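My request is simple: use the sequences and hints to build the entire structure.
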Amino acid sequence: MPRSLPKTDVVIVGMGAAGGVAALPLTNAGLKVVGLEAGGWLNPRDFAPDELRNNTRNWPQTIQKAASEAPTVRANPSETAVQGGHPMMNAVGGTSMHYWAQSWRLNPWDFKVVSSTLARYGRGRIPEDSTVDDWPISYEDLEPFYDKVEYAVGVSGRAGNVQGVMNSAGNIFEGQRRREYPMQPLRSSPFTDLMSSAAAKMEWHPFQGPAAITTEVYDGRPPCQYHGFCNKGGCHVQAKSSTAFSTIPKAIDTGNLDLVTFARVTEIRTDVSGKVTGVEYVKGNEVFFQPAHVVLIASYAYENVRLLLLSKSSAFPNGLANNSDQVGKHYMSHHQGSPVAALFPEDLRNWYGLPAQGVAIDDWADDNFDHSELDFIGGANLWVHTDRKPIGAAKMNTFGEAPSWGKDWKAFIARNADRSNTSYIQKTTLPYSNNYLDLDPSVKDSIGLPVTRITARYRENELRIAAFAQDKMEEWYRAAGATHVLRFGLGNAMGASTHAYGGTRMGDNPDTNVADRWGFCHEAPNLGILGASLMGTSGSRNPTLTVQALAWRTVEHLASNWSSRAV
Amino acid sequence: MGIVKGAAFTYLATLTNCTNGNQILNNSKKNNSSQPFPADPSRRTLLKGAGLAGAVAVSASSAGVVVATENQARGNRFTSALEALETLTAAEAEVLEAICDCLIPSDESGPGAKEARAAHYIDRSLASHNRDSRAHYLQSLIAINEQSQKRYGANFEHVARDRQITLIQALQNDQIPGCSPSSRGFFALVRDHTIDGTFCDPYYGGNRDFVGWDMLQYPGVRLSASETDVRQGSALSPNHQSAYDHATYTKMATNTVKGRRGNQNA
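These protein sequences, in sequence, are chains C and R. According to this note's numbering, the first sequence is numbered sequentially starting from 1. According to this note's numbering, the second sequence is numbered sequentially starting from 1.
Hints listed in this document are in silico derivations from the structure and should not be mistaken for laboratory results. Note that the coordinates shown come from a computational prediction; the quantities given were computed from them, not determined experimentally. Ideal Cβ placement from N, Cα and C applies to all residues, glycine included. Be aware that one or more of the hints could be misleading.
As a list, the in silico SDA-like pairs of lysine to any residue whose alpha-carbon atoms are at most 20 Å apart [claimed, not checked]: (1) R/K251 x C/D375; (2) C/K407 x R/D107; (3) C/K407 x R/R163; (4) R/K251 x C/N55; (5) C/K312 x C/Y121.
The calculated label-pair distances, taken between Cβ atoms and stated as ranges, are [as the list claims (entries may be wrong)]: (6) R/Q232 x C/T266: 49 to 57 Å; (7) C/M166 x R/R131: 54 to 62 Å; (8) C/G481 x R/S128: 41 to 49 Å; (9) R/Q139 x C/E346: 18 to 26 Å; (10) R/R131 x C/G400: 34 to 42 Å; (11) C/V82 x R/A188: 34 to 42 Å; (12) R/S128 x C/Q163: 53 to 61 Å.
So this is what it looks like as structure tokens:
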């Protein structure tokens with residue numbers, strides 16, 4: 001029998017980017033919160049500037065229990081899914097420890113893809129097998145929470161639209177915001193200056209993207225040092241605004257957060273009436289039951305879905321909140337593939353920098369351009385950035401100019417190590433009826449529980465966006481003086497991704513959505529969901545800030561409606 | 001072009017130490033009668049030309065098989081260190097060393113995988129992070145040698161450079177039977193690990209004296225890079241520091257080996 005602990009107001013499963021933000025408004029409201037985290041505390045001493053460990057060997061992910069929970073992947077239901085890599089991280093702060101920290105708001109179009117498309121182009125433009133729907137909320141509904149998170153964690157950037165006042169140094173396509181970012185954007189570099197001026201010559205609208213990275217002393221943390229080991233490395237000076245260094249310590253300071261590390265949640269329990277009663281977790285060799293009035297699950301889309309499907313009961317024989325068979329549906333991973341790489345005739349001076357120090361082009365994203373004569377909806381955000389380290393540089397593509405080893409190869413990389421660049425192109429992905437998550441029938445994790453199985457592939461709409469975006473990217477690189485440009489495959493299977501969406505979609509209709517407009521389950525009203533698994537569209541930019549804004553909104557709603565939500 | 005200067009400096013140090021290294025080489029060869037030094041002019045020329053004193057000499061000792069290496073650390077140039085092989089036998093290490101040298105050769109442009117001691121890195125990594133690849137190495141190194149014996153009547157490390165190159169091309173083209181996971185698969189694996197060992201933080205036993213970073217004109221690990229630093233690009237002076245030269249950082253305690261800075265974890 002698990003050891004039963006005293007009942008708490010709220011238990012949060014996962015103290016990462018979402019749970020770590022959610023803890024602050026809850027504890028500030030005086031609610032008692034237990035935060036369960038599968039990993040432990042990391043600190044700046046753990047973040048050595050060590051490419052082999054961090055990047056080549058994928059350190060942040062390989063030492064974690066999540067490594068045994070990597071989802072299996074297949075493109076089609078007729079195939080056997082195979083276990084591959086995964087983006088998850090177990091630590092206080094979760095992936096916000098080692099992520100790129102790009103902190104975008106979605107554009108208003110992303111919330112209203114269906115109604116906007118119908119109004120501008122007609123129904124025929126929505127792919128037939130897509131299950132896409134409008135979000136139950138608009139950009140304007142989420143805007144106050146974007147603002148709160150930007151200031152609470154510390155986001156740097158340049159606004160393009162403050163209450164209707166446009167600034168071309170920021171993103172002129174963004175939705176209206178109430179005020180400027182709390183900090184100036186990361187500085188530019190010789191390479192980003194080169195790309196910006198090339199884009200401006202083509203009359204595109206380049207701007208420096210927003211990042212959850214400090215550019216001045218903020219909240220007691222020093223500014224970014226640009227040392228070049230941000231990606232997967234964590235920040236050695238806490239300039240990266242991970243929840244572990246921003247909101248979580250403040251939540252602990254309230255005295256209302258009990259953060260339990262190395263706690264691996266295995267089941268959410270329900271009573272016969274279908275109300276959620278708490279969670280069961282393993283810590284060390286002991287099993288505990290943590291009763292709570294409200295349970296919030298806050299892990300990756302893969303793990304949110306898995307925990308629900310593993311939590312079967314008499315009230316929910318097919319998994320918790322799954323009596324309408326919607327858990328795992330509407331899955332999308334962001335189409336970040338099909339990159340374009342370029343070789344320049346001179347050094348780009350990218351040895352020191354970071355993935356969030358870059359230039360964005362939003363002219364070809366979302367519905368920011370006319371699709372009347374095109375055969376797809378949505379688009380791509382084009383992103384080039386500084387970030388280069390020696391092993392990665394030595395493994396560069398040789399652009400057909402050299403073999404892959406030997407004397408000539410050595411001469412090639414010695415000359416060109418600092419002359420290549422690979423773009424990061426994030427594209428709209430739509431949900432489709434046969435793209436879904438479920439439990440793998442045979443692959444188990446280290447304690448014998450089935451892992452998540454991904455069955456999904458990119459469809460025509462995504463592949464057409466990819467081809468279109470590659471044209472634009474090549475044009476941009478050529479304008480900046482690249483001598484060689486390479487394009488890679490447009491995409492097929494939708495594998496495990498750092499940007500995973502859907503599976504517990506948010507919407508007003510309980511037949512097609514797991515969660516309601518506040519993020520609580522239609523079938524289990526005291527079970528809330530935090531994370532990108534709520535999102536019904538992907539947008540064409542990194543999801544974390546949207547996940548955090550949604551989390552803040554959900555818990556603020558919970559705190560102000562406590563008597564009706566809590567059980 | 002600060003890094004070029006740096007590379008040249010290191011290269012010069014290698015040449016300066018050539019004599020001392022050759023003594024180690026010759027002494028140890030005497031103790032290793034099962035692997036007679038081949039009368040291979042191309043190899044001798046290469047050794048002479050590139051000053052490849054360290055990292056190839058093999059001897060046996062009561063403590064186990066050791067690779068004798070010349071210690072080229074700055075401020076410690078004339079002492080030599082003995083570093084135990086952790087995974088491979090001396091014979092296997094010789095084959096691997098020769099493969100690494102083909103992949104990233106030492107040539108007139110400067111040092112390569114041999115001076116970086118990529119094979120030493122690989123040997124160590126096969127006892128730790130890359131332990132799953134160990135069986136691939138053991139099987140494939142035998143297969144490559146068998147092919148070399150069959151075609152040229154000598155072990156891989158003893159045939160002329162052009163023949164070694166032909167064999168590596170065959171490996172890449174999936175033409176060497178008996179390799180694991182496959183001929184092409186092992187090529188990809190050993191290429192990957194040779195690059196890792198040449199360009200990684202020296203903490204892991206490769207990129208010795210920062211020859212890999214100098215080759216790419218990478219100015220080195222810095223805890224802070226100013227706008228001025230960045231604008232200098234490759235003209236910024238290389239600082240030749242390991243991440244773990246900064247006492248700030250916690251080392252991963254998975255495996256303890258003796259490195260040139262005493263006991264280190266890898």
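Each hint tested on the structure:
A hinted pair counts as satisfied when its Cα atoms are at most 20 Å apart, and R/K251 with C/D375 does not qualify at roughly 53 Å. Restraint check for C/K407 and R/D107: satisfied, since their Cα atoms lie roughly 8 Å apart, inside the 20 Å limit. A threshold of 20 Å between alpha carbons decides the hint, and for C/K407 with R/R163 the separation of about 15 Å falls inside it, so the pair holds. Simply put, R/K251 and C/N55 have alpha-carbon atoms about 16 Å apart, close enough for the 20 Å limit, and the pair holds.
Taken as a hint, the C/K312 and C/Y121 pair is broken in the structure, with Cα atoms around 44 Å apart against an allowance of 20 Å. For the pair R/Q232 and C/T266, the beta carbons lie near 54 Å from each other, so the given range of 49 to 57 Å is met. Here the CB-CB span from C/M166 to R/R131 is close to 57 Å, well matched to the stated 54 to 62 Å. Judged by the Cβ atoms, the range 41 to 49 Å given for C/G481 and R/S128 holds: they are separated by roughly 43 Å.
At about 45 Å, the beta-carbon gap between R/Q139 and C/E346 misses the expected band of 18 to 26 Å. At about 36 Å, the beta-carbon gap between R/R131 and C/G400 stays in the expected band of 34 to 42 Å. As the Cβ distance of C/V82 to R/A188 is approximately 19 Å, the hint placing it in 34 to 42 Å is violated. R/S128 and C/Q163 have their C-beta atoms about 56 Å apart, which keeps the hinted 53 to 61 Å range intact.
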